[in-house]
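J.: Residue-level listing of the chains:
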Amino acid sequence: MQTQTDLLAFFKEVLSSRAELKALDWLHTQTEKIIAEASPIKFFLAFSQASRFFKKEKMVLNQQEIDRAASLVAGFDPGHWDLLQTARTYLLLHFPQEKERWFTAINQLFETGDLYEQQALYAALPLMPFQEELLPRAIDGCRTNMTLIFDAIALNNPYPSNYFPEANWNQLVLKSIFMQRPLYRIQQLDERRNPALAAIASDFAHERWAAGREVMPELWRLVAPFINEKFIADLKKVLASNDQLEIEAGLLALIGCHSEEAKQLLQGHNEEVMAIEYGEITWEKIGRDFQEKRG
Amino acid sequence: MEMYIDPHIHLVSRTTDDYEAMRKAGIVATIEPAFWLGQPRTEVGSFKDYFSTLVGWERFRASQFGIVHYCTMGLNSKEANNVALAEQVMELLPLYAGKEGVVAIGEIGYDDQTEAEDRFYRLQLELAKDVNLPVLIHTPHRDKKKGTTRSMDVAEEHQMDPGWVVVDHNNEETVKEVLDRGFWAAFTIYPHTKMGSERMVEIVKQYGPERIIVNSAADWGISDPLAVPKTANLMRKMGIPEEHVRLTTYQNALTVFGLSGQMDENDWLKAPSIDQTKKLGGNSVLRGGQVPRVEGPADRVEN
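Protein chains in written order, with numbering that gives the first Met the number 0: chain S, 0 to 294; chain P, 0 to 302.
Looking at chain S on its own, in the form it has when it is part of the complex:
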């Protein structure tokens, strides 16, 4: 409960310094109604109509605010949130958390939500009560093809890495690759790499090559800890690319591998290898550059 109180205080502060007074007054009135009324209707209406008072303007949080968010709930990262979803989450946290009633209301919100309402809900998963019971909802949410909603679950969100079983986790990462989402924004990606995922990633790369299409360089991050003969052959092909980002990704995947073959492959690329050692080429840098190039 303490976390809940602290979260509300955090949101209130973040919103107070960024939203208009009129919007803040409206928000305050709504939270009182939500707490007082037995029916969830007031909550539903406030949740929808928040769009009339808060803009989808990205909040720029300062480092102190970012640190504070993470200290409240591990992995909580509202650095990409906008004002509207923050206000909606604030309303959501006021709805009484009596289990049966809460799930009835939240399920209805998920089922009737528009694009941005669903975005707010899925991004707020790590802040909701009854974390384990939300797993089917989170897994189902990943079946969406609406990028905005998929991103709300997959990126900058600790929920999947905390709760998804391996098969669902692997699906989430694979779908992120398929939709060309920035993998570096998936939390705990390195920690949850696994041999099955590495094999799936390699198969996917082969499919793309067969179709004459390029392979997202971040994909090779999944293969890195499990380098074997097959993956070496893949990376050899990656290093033969004309694309600088693919080459950087191939080298980064190989650098921790101590086999003779890996060392030989690295030898022709002294400059990049040095840049990797100096921390100038990282998976995050490759991911950012790739999205930039794509953008």
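For the record, the hints were derived by calculation from the structure and aren't laboratory data. C-beta atoms are modelled at their ideal positions from N, C-alpha and C, and glycine is treated no differently. Certain hints may be false.
[Said to hold, decoys possible] One-sided and incomplete, this derived list gives chain S residues near chain P with beta-carbon spacing under 10 Å:
id	residue
1	Q48
2	A49
3	D113
4	Y115
5	L133
[Claimed, not checked] Pairs of lysine to aspartate or glutamate, EDC-like flavour, derived with a Cα cap of 20 Å:
id	chain 1	residue 1	chain 2	residue 2
6	S	K54	P	D110
7	S	K41	P	D129
8	S	K55	P	E90
9	S	K41	P	E90
10	S	K55	P	E99
11	S	K55	P	D16
12	P	K143	P	D110
13	S	K41	P	E125
14	P	K229	P	D16
15	S	K57	P	E90
16	S	K21	P	E90
17	S	K54	P	E264
18	S	K54	P	E99
19	S	K57	P	D266
20	S	K54	P	E90
21	P	K47	S	E110
22	S	K235	S	E259
23	S	K32	P	D129
24	S	K229	S	D202
Got chain S sorted already, so can you dock chain P onto it with the hints?
T.: Chain P in isolation, oriented as in the chain S frame:
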């Protein structure tokens, strides 16, 4: 390039080829009125999922083609006749009426002009007043003239401001009364049945552009999603002034549905990036050389 709004089109029934052609022809925004699906629904859940599609997937689908998608929410007159189901739909509507991008209550009104249709039409006029939204009226195909008059009588009885009500599917027989009474008169350019583009040109010549709106009402039947730009081009060819073309195929729809507070020219002229990895390229150009934001194929999702 010219910009058009198609303020009445059932996009859930249209293909991606249509979307591409519409964008290419200059359509920047569309309004999708909640309607029936060609066969009656039997469960309230079907309405729920349909309404959710209008504010969710279809909106996303349109955005992939650089078209801004709005909708209206309502129980159509045909399905109002299943009273038990209609009552459940009425409970559902307040959940959707307040959502972002819902620009009116509609399309509502009469089909066979039954007692049930009348009851749910009136209830929805009250809902529109509660949530402060304009109304989109569907006028009947049969006994049209009487049905149109009755729709307006009842709207007035419920103290609706005619300036907040669009009466749709007009023809030469109904237009005069609609305009005289201060309502907005929308025309559906439907191949074979209702209005053809040539007849539309004549109407604009006769009545001028004030409070007249052109739409396609394209759906799952034989219909033309390019009806609005095609009619605009015919108007130009027939010597209708450019400003009149702009009013009837763009500005009037924006003015009346903009009363909702949910539709703004900046939505397509200065669209915020929904994905922060996307760049906002060259969108600062406004009036004069207005260039709406177009998203590229890189944003399309493979299904």
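J.: The structure should be examined with respect to each hint, and the outcome stated for every one.
T.: Taking the hints in turn, this is what the structure says about them:
| no. | hint | in the structure |
| --- | --- | --- |
| 1 | Q48 | holds, 5 Å |
| 2 | A49 | holds, 9 Å |
| 3 | D113 | holds, 4 Å |
| 4 | Y115 | holds, 7 Å |
| 5 | L133 | violated, 20 Å |
| 6 | S:K54 <-> P:D110 | violated, 40 Å |
| 7 | S:K41 <-> P:D129 | holds, 14 Å |
| 8 | S:K55 <-> P:E90 | violated, 29 Å |
| 9 | S:K41 <-> P:E90 | holds, 14 Å |
| 10 | S:K55 <-> P:E99 | holds, 12 Å |
| 11 | S:K55 <-> P:D16 | violated, 30 Å |
| 12 | P:K143 <-> P:D110 | holds, 9 Å |
| 13 | S:K41 <-> P:E125 | holds, 19 Å |
| 14 | P:K229 <-> P:D16 | holds, 17 Å |
| 15 | S:K57 <-> P:E90 | violated, 34 Å |
| 16 | S:K21 <-> P:E90 | violated, 30 Å |
| 17 | S:K54 <-> P:E264 | holds, 16 Å |
| 18 | S:K54 <-> P:E99 | holds, 11 Å |
| 19 | S:K57 <-> P:D266 | holds, 16 Å |
| 20 | S:K54 <-> P:E90 | violated, 29 Å |
| 21 | P:K47 <-> S:E110 | holds, 8 Å |
| 22 | S:K235 <-> S:E259 | holds, 13 Å |
| 23 | S:K32 <-> P:D129 | holds, 18 Å |
| 24 | S:K229 <-> S:D202 | holds, 11 Å |
Violation of the numbered hints given earlier is confined to hints 5, 6, 8, 11, 15, 16 and 20; the remaining hints are satisfied by the structure.
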